[in-house]
Amino acid sequence: MKYTFYLLCPLLITLKIYAQPVKKSQKPLIYIAPEIAIGKTMEANQGFPETSIQKAFFVSLGFNTNKEKAWKRQLGYPTTGISLSITDFGNTQKIGKAYTVMPFLETSFFSQKKHPIYLQVGMGASYMDTQYHPVDNPYNKAITTKINWSFRSFLYYDIFRTNHMDWRMGLGYIHHSNGHTRLPNQGLNSFVASVSSIIPVTKQVSPSFRKVSETKENTPGSTTFISGRFGLGYNVLSQTFNAQKEVYSVAFSAGKIYKNTFKFGGGFYYRFYQHYYDHIKNDEELIEEQVPFFRESPFRYATNFGVFASAELLLGHVGLSTQIGLNIYKPFYKIDWQLSQGYYANDTYYKEDLNWYYEIKRTVSSRMGIKYYLRNTNTSPKHNVFVSAHINANLGQADFSEISIGYVHRFAKK
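Plus 203 on top of the position in the sequence shown (first one is 1) and you've got the working numbering.
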């Protein structure tokens, strides 16, 4: 999970910067895309099991429909869809296979050229049939749970077209991680190359329909919003304190929504970590050695609050959101860092030093996930509610996975 935020957030922003209006449609309304990929599973830890070539098979169902929605026009009419895949990481005994379900969004660079480059990003879930075990599989520290988050970012280039299908090649990055719900959790990172074909299910989109209908929708320039959410998350503290416990959170924000598609805001958050509270109440070793005054007010020192800036793509009922923040108060992270970043050697646990990297991670928070809105955001509803699934992180390394429920109020445009 450590670098996923850095890799995916710029890609989501790129969707707006490089997406161009489509003058000539090449994709069918609905298509099926079988895809074969080979690549390499990167080592997740020292002593990681040896791997041969990674092999994967994907089947994607893509939708390139004509429904005139603000977000589609603003993003250059991207393709949306869902992908199913099976991945063999190159060592079925120690690393196993992944079975993945992943919604995706795809748009094009330089779409007016004969052979555009396509950018596809996706976020979903995977079932992993092989996990870490301290006795039977001690060197696979990448995956510890059966259900994991999965992320995908690919670039595609058209090779050639026939009357019945389009062929293209791709280069991509794939990541699997449990979002810090159990340790060890180094995550699996893969770099692959692929060959795929676009097989039409329906006829191609009519370019003239788009050109005429684009003028019919009166999309508001910008509106102001306020929002609040409550969340329930789970994480673990370290390999020694490896039971899942709750993280409770609340956040409030305000900002602007532009053209019913781009949502930018800022606000503040508050969190309470059950692991932190229990660790203080139980007067564990580092509490007694370093911060005995935490025992005077366990609730206070188990909390965290800060401020954040957020960006979100509104895709009808779905929102793709990212957030970066500053922790104003997170006193227990000093203990968290020493426990979670330490290591065992010769049956002795060595805690991590409080170095410069600790200071950065203690200060910077991040968050990424997906929302589902009850009412279509394309209709500019005054009141809306949502449920969401997010990974929260310290800088870029997963802190906890969270399910939230929230409310958004839009003010009338003046």
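No lab work stands behind these hints, which were simulated from the structure alone.
Warning: the hint list may mix true and false statements.
[Unchecked claim] Straight-line alpha carbon distances no greater than 30 Å define the calculated DSSO-like cross-link-like pairs of lysine-lysine that follow:
no.: 1; residue 1: Lys585; residue 2: Lys616
no.: 2; residue 1: Lys533; residue 2: Lys616
no.: 3; residue 1: Lys448; residue 2: Lys564
Evaluation of the provided hints:
Restraint check for lysine 585 and lysine 616: satisfied, since their Cα atoms lie roughly 10 Å apart, inside the 30 Å limit. For the proposed pair lysine 533 and lysine 616, the alpha carbon gap of about 38 Å is over 30 Å, so the pair is violated. Pair hint lysine 448 plus lysine 564 holds up; C-alpha atoms about 21 Å apart against a cutoff of 30 Å.
Going through the hint list in order, the structure does not satisfy hint 2, though it satisfies all others.
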